[in-house]
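Trainee: Sequence:
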Amino acid sequence: MADNLSDALKKLKITTTDSTADSLEGCLDCLLQALAQNNMETSEKIQKSGVLQVFANLLTPQSSCTAKVANIIAEVARNGEVFYKNFSAGTSSVFHLTCQSYSFGVSMCVTEGHGAIEIQVLDHESVEEIIPLPKKGNSVTDTLQSQLINMGVIPTLVKLLGIHCQNAALTEMCLVAFGNLAELESSKEQFAYTNIAEELVKLFKKQIEHDKKEMIFEVLAPLAENDVIKLQLVEAGLVECLLEIVQKTVDSDKEDDIAELKTASDLMVLLLLGDESMQKLFEGGKGSVFQRVLSWIPSNSHQLQLAGALAIANFARNDGNCIHMVDNGIVQKLMDLLDRHVEDGNVTVQHAALSALRNLAIPVVNKAKMLSAGVAEAVLKFLRSEMPPVQFKLLGTLRMLIDAQAEAAEQLGKNVKLVERLVEWCEAKDHAGVMGESNRLLSALIRHSKSKDVIRTIVQSGGIKHLVTMATSEHVIMQNEALVALALIAALELVTAEKDLENAQLVQILHRLLSDDRSAPEIKYNSMVLICALIGSEPLQKEVQSMAFLEVISKLRSHENKTVAQQASLTEQRLAVES
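In our numbering, the protein residues as written are -4 to 574.
Source of the hints: derived by calculation from the structure; they are not laboratory data. Hints may contain errors.
Lysine-lysine pairs mimicking DSS-like chemistry, simulated, CA-CA at most 30 Å apart [as the list claims (entries may be wrong)]:
id	residue 1	residue 2
1	257	275
2	197	275
3	557	537
4	63	8
5	424	364
6	40	5
7	249	201
8	557	494
9	154	208
10	207	154
11	424	376
12	275	207
On a predicted model such as this, the values are computed, not experimentally measured, just so you know.
Could you put the whole structure together from the sequences, leaning on the hints where they help?
Mentor: Here's what the structure looks like:
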């Protein structure tokens, strides 16, 4: 057999497409027989012989040897190590050519099965071979997938899908290959240059079986993370398919229908994350898709309530949309939804509805309207929540609502239960988002109300130390918000807050901020404004004098920022007079 194999390899290396069919068939039969007896050894010999390059010439529509060549490639590929060597050595063109031979039914694709990546060689109507390769996540497999993408496998497979959409086996193989490849970011860019969206939607519309739909969903979900593909899917009519599924499954208690409802509504929300696709579906608030999504909010299905609220949150990503939705009654729908979930409610629905209200409250013209509608009161019902995601959105919604709304800020700032809860959450070190938002809302209550009553409530609740700590935040915006709030406290209620400011070591922190060259200009400016206010307190003035502030501030008179330099001169004069 060894001699016959060597002879066959030699003959194949010098063969041409003009060689007699019988001599070619004989050589190929010899290789197949040798592979069947000892795949590993024979694969190595075939790989070393360089004969794989010859196969590229034999893979033509006119060749009678195509099926046998495909089988030999399949057998060699069964040896994962040899297959990888061919890729890494740059000799994978034969596999690429196999992929491109879709016109006569031979193709190769990477798929997943039984926990492994597989190469499948399809011959005409049947699956000829399944060759296991290393498991997904293996560096070899990752390299193979990347090389397949670089070789242009994606456009080839998309063409295959379009041409052979009636071939169930081939279609399924393409879908599984897409599912694996679509996870890679580089693949999404290639998919975006094909008509994959049109082909998948066309295929989806034909499906009746749940499993087949689920397989297409598994491809659509990762692809829909790409904004270009989102828009392509919308234009291809996927949204109409999703809405139809929702309508058919919403009242069903069958497990498959419940799963389909969730997948379809989740995918709908994902499509709305793209700015262009979202705006196309909004259609100025008149679109049929937008109207259908609105009808999900009062639904009895938690899944549809969730998807509806998330969809509204996604539509509410620009001022125009937000203003239109508030003017057309969406706020009441969301408050009604929240009311249904106050006691032992669904946390994901609470979070989604609060997200939508927060986004809607961003435009200035919406704030007063939403406050008048009772949004603040509706949100405060969730003050008892122990779920950080709900706490985070609750805080963000209130902060957006009171921005430049003095009356609302004062009313909330005098709410002892709210302020005490904020002070508690300011110490939620395990939840940085909740802790940050609590600090920001505490500051906002003072900044927007400028109320002595609010300051007293915050002092009595132990909030001062948190505002002082906030002034040391790594985020400039939070530092600045804290310093402005502390300056208002010093200007309006210094005597009340004096002890807490002293205990929190505010003066030392201000000295550090002013001495630090990395402090932003606005931080230096507001720190000096605050120093001028603090020296109205005898104990705090003594601290300022003991820390040689004059030396630090005199250097700032030559600061490149004119506003900082001017404030440095004023502060220096003030400190000199007081000393």
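Trainee: Confirm or reject each hint.
Mentor: Hints and how they fare:
{"no.": "1", "hint": "257 with 275", "in the structure": "23 Å, holds"}
{"no.": "2", "hint": "197 with 275", "in the structure": "21 Å, holds"}
{"no.": "3", "hint": "557 with 537", "in the structure": "29 Å, holds"}
{"no.": "4", "hint": "63 with 8", "in the structure": "16 Å, holds"}
{"no.": "5", "hint": "424 with 364", "in the structure": "35 Å, violated"}
{"no.": "6", "hint": "40 with 5", "in the structure": "11 Å, holds"}
{"no.": "7", "hint": "249 with 201", "in the structure": "21 Å, holds"}
{"no.": "8", "hint": "557 with 494", "in the structure": "34 Å, violated"}
{"no.": "9", "hint": "154 with 208", "in the structure": "20 Å, holds"}
{"no.": "10", "hint": "207 with 154", "in the structure": "20 Å, holds"}
{"no.": "11", "hint": "424 with 376", "in the structure": "24 Å, holds"}
{"no.": "12", "hint": "275 with 207", "in the structure": "29 Å, holds"}
Violated hints, in rising order: 5 and 8; the structure is consistent with all others.
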